[in-house]
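Undergrad: Protein chains in written order, with the working numbering: chain A, 104 to 211; chain B, 5 to 451.
Hints listed in this document are in silico derivations from the structure and should not be mistaken for laboratory results. Check each hint, because a few of them may be wrong.
[Unchecked claim] Mimicking DSSO-like on lysine-lysine, the simulated pairs with C-alpha atoms at most 30 Å apart in a straight line are:
(1) B:Lys334 x B:Lys444
(2) B:Lys99 x A:Lys160
(3) B:Lys149 x B:Lys114
(4) A:Lys143 x B:Lys385
(5) A:Lys179 x B:Lys385
(6) B:Lys396 x A:Lys179
(7) A:Lys179 x A:Lys193
(8) B:Lys396 x B:Lys54
(9) B:Lys444 x B:Lys396
(10) A:Lys143 x A:Lys197
(11) A:Lys197 x B:Lys54
(12) B:Lys149 x A:Lys174
(13) B:Lys135 x B:Lys341
(14) A:Lys143 x B:Lys77
(15) A:Lys179 x B:Lys334
[As the list claims (entries may be wrong)] The following label-pair restraints were derived from C-beta to C-beta distances:
(16) B:Lys54 x A:Lys197: 22 to 28 Å
(17) A:Leu200 x B:Tyr423: 53 to 59 Å
(18) A:Leu200 x B:Gln43: 23 to 29 Å
(19) A:Lys197 x B:Glu371: 34 to 40 Å
(20) A:Gln203 x B:Gly58: 18 to 24 Å
(21) B:His437 x A:Gly113: 54 to 60 Å
(22) A:Glu138 x B:Glu371: 41 to 47 Å
(23) A:Leu200 x B:Ile87: 43 to 49 Å
[Unchecked claim] Over 12 Å on every C-beta distance to chain A, these chain B residues come out as not near it, computed from the model:
(24) Ile21
(25) Ser24
(26) Asn68
(27) Cys70
(28) Asn150
(29) Tyr304
(30) Met339
(31) Pro389
(32) Leu450
Every residue, glycine too, gets a C-beta built ideally from N, C-alpha and C.
Letter by letter, the chains look like this.
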Amino acid sequence: MRTIAIPIFGSRISPRLDLANNFEIIKIDNNKIVETENIKLVSHNRLEKINMIIELKPDVIICDGLSEICKQEIDKSNIKLIPWIHGEVKNIVKMYLNNQLNNPVDKK
Amino acid sequence: MGNIKQKIITETHSDVILNSIAEGVFTVDKNLRITFFNQAAENITGVRRKEAVGQFCFEVLRSNICETACPFKGRFKTSKENINLHANILRSDGKQVPINLSATALKDEKGNVLGGVETFHDLSAIEALRKEIRQNYTFEDIVSKNHRMLQLFNIMPNIAESECTVLIQGESGTGKELFARAIHNLSFRNNGPFIAINCGALPDNLLESELFGYVKGAFTDAKKDKPGRFALAAGGTIFLDEVESLSPATQVKLLRVLQEKEYEPLGATYTEKADVRIISATKVDLHQLVKEEKFRDDLYFRLNIVRIELPSLVERRDDIPLLINHFIEKYNYKMGKYIERVSNEVLELLMHYDFPGNVRELQNVIEHAFVMCQNEEITLKDLPPELIQYKKQKENVKINTPPLESSEKTTILEILNKYGWNRTLTSQKLGLHRSTLWRKMKKYGLL
Chain A
104 MRTIAIPIFG SRISPRLDLA NNFEIIKIDN NKIVETENIK LVSHNRLEKI
154 NMIIELKPDV IICDGLSEIC KQEIDKSNIK LIPWIHGEVK NIVKMYLNNQ
204 LNNPVDKK
Chain B
5 MGNIKQKIIT ETHSDVILNS IAEGVFTVDK NLRITFFNQA AENITGVRRK
55 EAVGQFCFEV LRSNICETAC PFKGRFKTSK ENINLHANIL RSDGKQVPIN
105 LSATALKDEK GNVLGGVETF HDLSAIEALR KEIRQNYTFE DIVSKNHRML
155 QLFNIMPNIA ESECTVLIQG ESGTGKELFA RAIHNLSFRN NGPFIAINCG
205 ALPDNLLESE LFGYVKGAFT DAKKDKPGRF ALAAGGTIFL DEVESLSPAT
255 QVKLLRVLQE KEYEPLGATY TEKADVRIIS ATKVDLHQLV KEEKFRDDLY
305 FRLNIVRIEL PSLVERRDDI PLLINHFIEK YNYKMGKYIE RVSNEVLELL
355 MHYDFPGNVR ELQNVIEHAF VMCQNEEITL KDLPPELIQY KKQKENVKIN
405 TPPLESSEKT TILEILNKYG WNRTLTSQKL GLHRSTLWRK MKKYGLL
């Protein structure tokens, strides 16, 4: 079982991880989505926000914009980061499951 | 056919013009997809034009206001412009770039909304310049551009290099310990310890043993020898704050340290050498205490070889914007926040407040605001309640100033705020000589 955290803005990936308030937490088993949950993480302190995300203990974070400070903080944990990805969340998740996130831009 | 040709030429000209300006310009359609992206926008964002066109603007700029306060939000329905907004964008290398932006709706000849246009410019160079200026106004950990403080900065290395005692006089919160530390750091003793003690914080019997130490059996609870602060400061500097609080007995002992460079720990039958530089500080007029025979004159003259008088914050109001920026930078680092500035209303209020607690009080105000502030700008609602109360009281007082003078004061204040209280720029902008501006500032209580 793997857990993916994705910051969301409407139906798309949020442009910035440190500023996103809404997250989709997806649990994957045998390469299939078994559970999806939307959560709100509100903090005006960006380091606190990053720590809140880390405390969710996801295996992977798929996000778009990632500031240097955020990267440094997340790199201290064991969480795998897949940054600078933008597009519709459902398409990105599909691409992730199909191991296609090498070409990250989903222009739809 | 001619019209079409003319239209193509005009569009080409527009492109050339827009690509030659230093300001970033991009246009979006009604769905926020980028339709035009000029050369400067490419330079500032690091995103190539052909990659940007067709993308959502929030996924190209990734600004801190895209999700919460999109400048195009609602603008397609109204003709209102969104001018002069501060924001920062995130480049694909993870670096944040401060920008200033304006946005408005794009309409055709009939007034139908086609999308929007945003112009923005990179503030990195200005920010870097501001930092450099700030560094020029920083001496050790002390930040100032006030002429009295700059004079002190100039003589500090000479004071530090000498071995003489220094008396620092200044109100509470003016930075006496910072100056003492700066003198120590610049002195030949900087590899030795810097030991600070507040003489007013301890009862006299405890202070004596704290300063000079004691030996086993000196008093009931003295189970073993304990070195005093003078011993701990050996080879370095001891800073005696609130030196006016010393009792007559301790004054005598201190005088002996200054004269003979030696002292006896409490209960000891031997003498210790004092290899220590003494810097003392007081928030009262020590000379007055001497006149009132509350402080030994011989000790006063020994402590007062060099005297540094620190101005209160009210006497260096021109430092307030600089100090605000300094504390914003400090607390951003400490608290992991990204606050960029205080609002004009906050700056104006702080510029007129009396700050009985001086720089320390200003620092506390900014720290309080950092806890309360939920965006990039500190506004009035983030300030401590007593400051808000102060503002209300001021507003309730009818100012008996003639209307013409009142408007002159307002204009001067506006320009001063605009140029960060830089008097040279303000006087240039107002077409006044610097001395005339100074006179007017004094007249209107702006100094």
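Undergrad: Now look at each hint and say whether the structure bears it out.
TA: Here's how the hints hold up against the structure:
1. B:Lys334 x B:Lys444: 34 Å, violated
2. B:Lys99 x A:Lys160: 26 Å, holds
3. B:Lys149 x B:Lys114: Violated, at about 55 Å.
4. A:Lys143 x B:Lys385: 25 Å, holds
5. A:Lys179 x B:Lys385: 36 Å, violated
6. B:Lys396 x A:Lys179: 48 Å, violated
7. A:Lys179 x A:Lys193: 28 Å, holds
8. B:Lys396 x B:Lys54: Given that 30 Å is the threshold and the Cα spacing comes to 54 Å, the pair is violated.
9. B:Lys444 x B:Lys396: 25 Å, holds
10. A:Lys143 x A:Lys197: 23 Å, holds
11. A:Lys197 x B:Lys54: 26 Å, holds
12. B:Lys149 x A:Lys174: 37 Å, violated
13. B:Lys135 x B:Lys341: 18 Å, holds
14. A:Lys143 x B:Lys77: Satisfied, since the Cα-Cα distance of roughly 22 Å is no more than 30 Å.
15. A:Lys179 x B:Lys334: 24 Å, holds
16. B:Lys54 x A:Lys197: 22 to 28 Å: 26 Å, holds
17. A:Leu200 x B:Tyr423: 53 to 59 Å: 57 Å, holds
18. A:Leu200 x B:Gln43: 23 to 29 Å: 40 Å, violated
19. A:Lys197 x B:Glu371: 34 to 40 Å: 47 Å, violated
20. A:Gln203 x B:Gly58: 18 to 24 Å: 21 Å, holds
21. B:His437 x A:Gly113: 54 to 60 Å: Hint holds: Cβ distance 57 Å, inside 54 to 60 Å.
22. A:Glu138 x B:Glu371: 41 to 47 Å: Holds, since Glu138 of chain A and Glu371 of chain B (Cβ atoms, about 42 Å apart) stay within the stated range.
23. A:Leu200 x B:Ile87: 43 to 49 Å: Between Leu200 of chain A and Ile87 of chain B, where Cβ atoms are some 45 Å apart, the hint holds.
24. Ile21: Non-interface label on Ile21 of chain B holds, nearest chain A Cβ at 29 Å vs cutoff 12 Å.
25. Ser24: 29 Å, holds
26. Asn68: 6 Å, violated
27. Cys70: 5 Å, violated
28. Asn150: Holds: least Cβ distance 33 Å, greater than 12 Å.
29. Tyr304: Consistent with the label, Tyr304 of chain B stays out of reach of chain A, its closest Cβ about 49 Å off (over 12 Å).
30. Met339: Met339 of chain B not clear of chain A: closest Cβ-Cβ about 6 Å, inside 12 Å.
31. Pro389: Pro389 of chain B is indeed farther than 12 Å from all Cβ atoms of chain A, at 20 Å.
32. Leu450: 34 Å, holds
The structure fails hints 1, 3, 5, 6, 8, 12, 18, 19, 26, 27, 30 (numbered hints given earlier, in ascending order).
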